[in-house]
Amino acid sequence: ETGVTQSPTHLIKTRGQQVTLRCSSQSGHNTVSWYQQALGQGPQFIFQYYREEENGRGNFPPRFSGLQFPNYSSELNVNALELDDSALYLCASSSGVATNEQFFGPGTRLTVL
Amino acid sequence: GDSVTQMEGPVTLSEEAFLTINCTYTATGYPSLFWYVQYPGEGLQLLLKATKADDKGSNKGFEATYRKETTSFHLEKGSVQVSDSAVYFCALGHASGGSYIPTFGRGTSLIVHP
Chain U
7 ETGVTQSPTH LIKTRGQQVT LRCSSQSGHN TVSWYQQALG QGPQFIFQYY
57 REEENGRGNF PPRFSGLQFP NYSSELNVNA LELDDSALYL CASSSGVATN
107 EQFFGPGTRL TVL
Chain B
13 GDSVTQMEGP VTLSEEAFLT INCTYTATGY PSLFWYVQYP GEGLQLLLKA
63 TKADDKGSNK GFEATYRKET TSFHLEKGSV QVSDSAVYFC ALGHASGGSY
113 IPTFGRGTSL IVHP
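For the record, the sequence lines run as chains U and B.
Here the first sequence is numbered in this note's numbering, starting from 7 and rising by one per residue.
Here the second sequence is numbered in this note's numbering, starting from 13 and rising by one per residue.
No wet-lab data here; the hints were simulated from the structure.
Owing to the predicted nature of the structure, the values given are computational and were not obtained by experimental measurement.
No residue lacks a Cβ here, since even glycine has one placed at the ideal position from N, Cα and C.
One or more hints might be untrue.
[Claimed, not checked] Partial selection, computed: residues in chain U whose CB lies under 8 Å from chain B:
1) 51
2) 76
3) 112
[As the list claims (entries may be wrong)] Now the in silico label distances, taken between C-beta atoms and shown as ranges:
4) B:51 <-> U:44: 12 to 22 Å
5) B:29 <-> U:20: 43 to 53 Å
6) U:16 <-> B:19: 39 to 49 Å
7) U:19 <-> B:72: 36 to 46 Å
8) U:8 <-> B:72: 16 to 26 Å
9) U:9 <-> B:72: 10 to 20 Å
10) U:33 <-> B:53: 20 to 30 Å
11) U:44 <-> B:38: 37 to 47 Å
12) U:22 <-> B:40: 36 to 46 Å
13) B:93 <-> U:89: 37 to 47 Å
14) U:76 <-> B:34: 38 to 48 Å
15) B:125 <-> U:63: 37 to 47 Å
16) U:89 <-> B:19: 26 to 36 Å
Bound-form chain B, shown alone:
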């Protein structure tokens, strides 16, 4: 079945540092790939997505490229801020039997210090 593996956290960085959170997946077919962010006490928010190989999703300075050859979708940001502290979830999904059912990774906590 489908699965998503994320690097274990927490990832602790100083403000303005470069961020990479690794994500690899196992799936049949050609899923769409997503990054969601969850701030403390809140639900998930879609951060970015890519729907086919070599697509790059980007939003709020975050980027991730759909790499089919390495089955990866690593999240990057050039300069993190304290406000980026949150839990980040990598997910994949594709329509199956007429419905869309996503599979999430376990999440990676990011802590950014001033």
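Chain U with its partners taken away, still in its complex shape:
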């Protein structure tokens, strides 16, 4: 059974640029959630995707957007990057939207200069 994978591992961008992060869910999981973890903080929920539709969103601006594909993999897109977007971005998959057990990937470390 393959776990949750994310790419790239690290990324450096400059302010104003756009970035796309990718996540492959664990086998059999149809739900993907994205989190932002700033240094020294707990993860903050960005949004969740279920069957290719957004199914819940945290307190993040519209320049944070996402997609889910038919194979349940997902992308997180961030436009007009700001310095405060520097963080570890975590993806978690689960077998349904209401389950309370999520499996996390190793994350993508984004640095905005």
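Chain U is fixed; fit chain B onto it per the hints.
Structure of chain B alone, referenced to chain U:
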């Protein structure tokens, strides 16, 4: 809104010492409670969970009991090892509007010395 408060770290212990990491929460309804562990350079791993009052979650020698009367879910381990050094996150969650959205605490760093 929901919130989770954890004791500030780092917590520094010698090997085989007793561990307690305090966690209290504020939430509506009856959330599930979780402890996650994050090793350096890795994502979060679910350590244990409890889904209703008085439930005890346990895994790898760690335990936590869901205390509704004190809104707490303190993590304990009788004898820590160097390999337990990591950041521990307390979290709560419940299904809302058809989706499950967890709320995490800020994390407590544990450092165990030989």
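Hint check results:
1. 51: Holds - the Cβ of residue 51 of chain U comes within 8 Å of chain B, reaching about 5 Å at its closest.
2. 76: With a minimum Cβ separation of about 20 Å from chain B (threshold 8 Å), the hint on residue 76 of chain U is violated.
3. 112: Check passed: Cβ of residue 112 of chain U comes within 5 Å of chain B, closer than 8 Å.
4. B:51 <-> U:44: 12 to 22 Å: holds, 19 Å
5. B:29 <-> U:20: 43 to 53 Å: Taking Cβ atoms as reference, residue 29 of chain B and residue 20 of chain U lie about 46 Å apart, which means the hint holds.
6. U:16 <-> B:19: 39 to 49 Å: This hint is violated: roughly 31 Å between Cβ atoms.
7. U:19 <-> B:72: 36 to 46 Å: For residue 72 of chain B against residue 19 of chain U, whose Cβ atoms are near 38 Å apart, the range 36 to 46 Å holds.
8. U:8 <-> B:72: 16 to 26 Å: holds, 23 Å
9. U:9 <-> B:72: 10 to 20 Å: The hinted range 10 to 20 Å holds for residue 9 of chain U and residue 72 of chain B, with Cβ atoms some 18 Å apart.
10. U:33 <-> B:53: 20 to 30 Å: holds, 24 Å
11. U:44 <-> B:38: 37 to 47 Å: violated, 21 Å
12. U:22 <-> B:40: 36 to 46 Å: holds, 40 Å
13. B:93 <-> U:89: 37 to 47 Å: holds, 39 Å
14. U:76 <-> B:34: 38 to 48 Å: About 44 Å separates the Cβ atoms of residue 76 of chain U and residue 34 of chain B, which means 38 to 48 Å holds.
15. B:125 <-> U:63: 37 to 47 Å: holds, 43 Å
16. U:89 <-> B:19: 26 to 36 Å: holds, 30 Å
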